[in-house]
Amino acid sequence: MNPPSATTTTQRPLARLAFHSTATCSAHATGYGKCILATYTDVSKDACKEEFARFAKCLRDAMGRK
Amino acid sequence: MLRSLARLAAVPSGSPNPSTLGPFQVFDRNAKRLQKDRAALREGSRTVDYVRDEVADRMMERFMDIKRTFGTVLDLGSGSGHFTKLLEPERAKKVIMIDSSEMALHRDPDSEFEVQVERIHGDEENLLQIVEPNSQEAVVSCLSLHWVNDLPGTLVQIREALKPDGLFLGAMFGGDTLFELRTALQLAEQEREGGIAPHVSPMAQTRDISNLMGRAGFSLLTVDVDEVNVAYPDMWALMDDLGAMGEGNALLGPRRALRRDTLAAASAIYSALHGNEDGSVPATFQVIYMIGWKPAPTQPQPLERGTGKVPLGDVL
Numbered sequence: 008m009n010p011p012s013a014t015t016t017t018q019r020p021l022a023r024l025a026f027h028s029t030a031t032c033s034a035h036a037t038g039y040g041k042c043i044l045a046t047y048t049d050v051s052k053d054a055c056k057e058e059f060a061r062f063a064k065c066l067r068d069a070m071g072r073k
Numbered sequence: 005m006l007r008s009l010a011r012l013a014a015v016p017s018g019s020p021n022p023s024t025l026g027p028f029q030v031f032d033r034n035a036k037r038l039q040k041d042r043a044a045l046r047e048g049s050r051t052v053d054y055v056r057d058e059v060a061d062r063m064m065e066r067f068m069d070i071k072r073t074f075g076t077v078l079d080l081g082s083g084s085g086h087f088t089k090l091l092e093p094e095r096a097k098k099v100i101m102i103d104s105s106e107m108a109l110h111r112d113p114d115s116e117f118e119v120q121v122e123r124i125h126g127d128e129e130n131l132l133q134i135v136e137p138n139s140q141e142a143v144v145s146c147l148s149l150h151w152v153n154d155l156p157g158t159l160v161q162i163r164e165a166l167k168p169d170g171l172f173l174g175a176m177f178g179g180d181t182l183f184e185l186r187t188a189l190q191l192a193e194q195e196r197e198g199g200i201a202p203h204v205s206p207m208a209q210t211r212d213i214s215n216l217m218g219r220a221g222f223s224l225l226t227v228d229v230d231e232v233n234v235a236y237p238d239m240w241a242l243m244d245d246l247g248a249m250g251e252g253n254a255l256l257g258p259r260r261a262l263r264r265d266t267l268a269a270a271s272a273i274y275s276a277l278h279g280n281e282d283g284s285v286p287a288t289f290q291v292i293y294m295i296g297w298k299p300a301p302t303q304p305q306p307l308e309r310g311t312g313k314v315p316l317g318d319v320l
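Top to bottom, those sequences are chains G and D. Residue 42 in our numbering is what sits at position 35 of the first sequence, and the numbering runs on without skipping anything. Residue 171 in our numbering is what sits at position 167 of the second sequence, and the numbering runs on without skipping anything.
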């Protein structure tokens, strides 16, 4: 079953964040996700700080570029 | 009286249960009504009917198993009438649709229904203020009870509204619904911010429903669970669609919006933890179906204890 909707406009800031977090920065997102996956039974604050910093930087660059 | 006072007092969000009178308030009913109104007015409102239509269809299978025809059926929390649209005139002549969202109630024109419909704008939690006790042949409810604060009280009201031997058939989200989203958001908040806040509603468990139905005084209970699994391109599409369905967060209490960093983190975690091989992400909607009857002397009753004639040992 697939939803017929799911629009990907690049207008709204949140929609752009959605696009960049899943497409532009997917490699960094995967890196962060893998780190969480390795520790998800006992996650503490900043457990994957470095991975997220790389992901966030990629997002910031992408969002700034428009 | 006390209950309605408590409810009035609880309407402004920010202070849940100020005087703890009446049932515990979990959901902001007013916010939910506004969400549903807005959702029904959105252009793409019909494109996100897929979950409700699917569950209405599965509810109809259960309804068709009941060999009885009804004069009127009351559709409680009908939305735009997902279940009622599937009803055939041979099974029910007329349907009364009740929903707290006026926009959702009037979204679809009468021509889409095969049965005669009457629409009443009213709060599902105050059913007995809308209909007389002992007046209904059947009450159905398709995916609305999961936003009710006072579920035990609402079930009692449904039983009261029914005539003896009247049918209640309901479907509500429960248990594991959206567990992928819940866990992704929790892990993201925990790792990014060092603490978690509720963003996905608490849900009733199957065993709770059996108990509540029994406690509300229904007899001949049938409760079963089923899942609707939907694949989305990513977490953002799921959240967009939930919003468009009017199923956004409506929890009472101090709201803390999710930070964008946390949302991005949750999206990455959702894909890593739950993602499908093709890159899409699954979302589980667990649906609890319940059937109960208002007790009547004509219904099959269990025999008195000790009246058995055949020793059980002979049968086994």
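Since the hints were derived computationally from the structure, they do not count as laboratory data. Do not rely on the hints blindly, as some may be mistaken.
Stated by the list, open to error - Some chain D residues well away from chain G (every beta-carbon gap over 10 Å; in silico):
1) 34
2) 45
3) 123
4) 179
5) 180
6) 196
7) 202
8) 216
9) 223
10) 238
11) 241
12) 267
13) 272
14) 275
15) 314
16) 320
Stated by the list, open to error - The calculated SDA-like cross-link candidates involving lysine to any residue, where the alpha carbons are at most 25 Å apart (straight line), are:
17) 56/G / 186/D
18) 56/G / 133/D
19) 41/G / 141/D
20) 56/G / 36/D
21) 64/G / 190/D
22) 52/G / 150/D
23) 52/G / 51/D
24) 36/D / 150/D
25) 64/G / 36/D
26) 56/G / 235/D
27) 41/G / 277/D
28) 56/G / 262/D
29) 41/G / 258/D
As the list claims (entries may be wrong) - Residues on chain G that point at chain D, a partial pick, calculated with CB under 10 Å:
30) 27
31) 32
32) 35
33) 37
34) 40
35) 41
36) 52
37) 71
Virtual Cβ for every residue (Gly too), placed ideally from N, Cα, C.
To see whether the hints hold, each was checked on the structure:
1. 34: holds (25 Å)
2. 45: holds (16 Å)
3. 123: holds (26 Å)
4. 179: holds (20 Å)
5. 180: holds (17 Å)
6. 196: violated (7 Å)
7. 202: holds (17 Å)
8. 216: holds (30 Å)
9. 223: Consistent with the label, residue 223/D stays out of reach of chain G, its closest Cβ about 35 Å off (over 10 Å).
10. 238: violated (4 Å)
11. 241: Contrary to the label, residue 241/D does not stay out of reach of chain G, its closest Cβ about 4 Å off (not over 10 Å).
12. 267: violated (7 Å)
13. 272: At about 4 Å from chain G, residue 272/D fails to clear the 10 Å cut-off, so the statement is violated.
14. 275: At about 6 Å from chain G, residue 275/D fails to clear the 10 Å cut-off, so the statement is violated.
15. 314: holds (49 Å)
16. 320: Answer for residue 320/D: holds, closest chain G Cβ roughly 44 Å.
17. 56/G / 186/D: Cα-Cα ~21 Å, so holds.
18. 56/G / 133/D: Status violated; Cα separation ~55 Å.
19. 41/G / 141/D: Violated, at about 55 Å.
20. 56/G / 36/D: Violated, at about 36 Å.
21. 64/G / 190/D: holds (22 Å)
22. 52/G / 150/D: Outside the cut-off at roughly 32 Å; violated.
23. 52/G / 51/D: violated (39 Å)
24. 36/D / 150/D: holds (11 Å)
25. 64/G / 36/D: Cα-Cα ~36 Å, so violated.
26. 56/G / 235/D: With Cα atoms ~30 Å apart, residue 56/G and residue 235/D exceed 25 Å; violated.
27. 41/G / 277/D: Answer holds: residue 41/G to residue 277/D is near 8 Å, not above 25 Å.
28. 56/G / 262/D: Holds, at about 18 Å.
29. 41/G / 258/D: violated (32 Å)
30. 27: holds (8 Å)
31. 32: holds (8 Å)
32. 35: Holds, about 8 Å.
33. 37: Because about 7 Å separates residue 37/G from the closest Cβ in chain D, which is inside the 10 Å limit, the hint holds.
34. 40: holds (3 Å)
35. 41: holds (6 Å)
36. 52: holds (3 Å)
37. 71: violated (14 Å)
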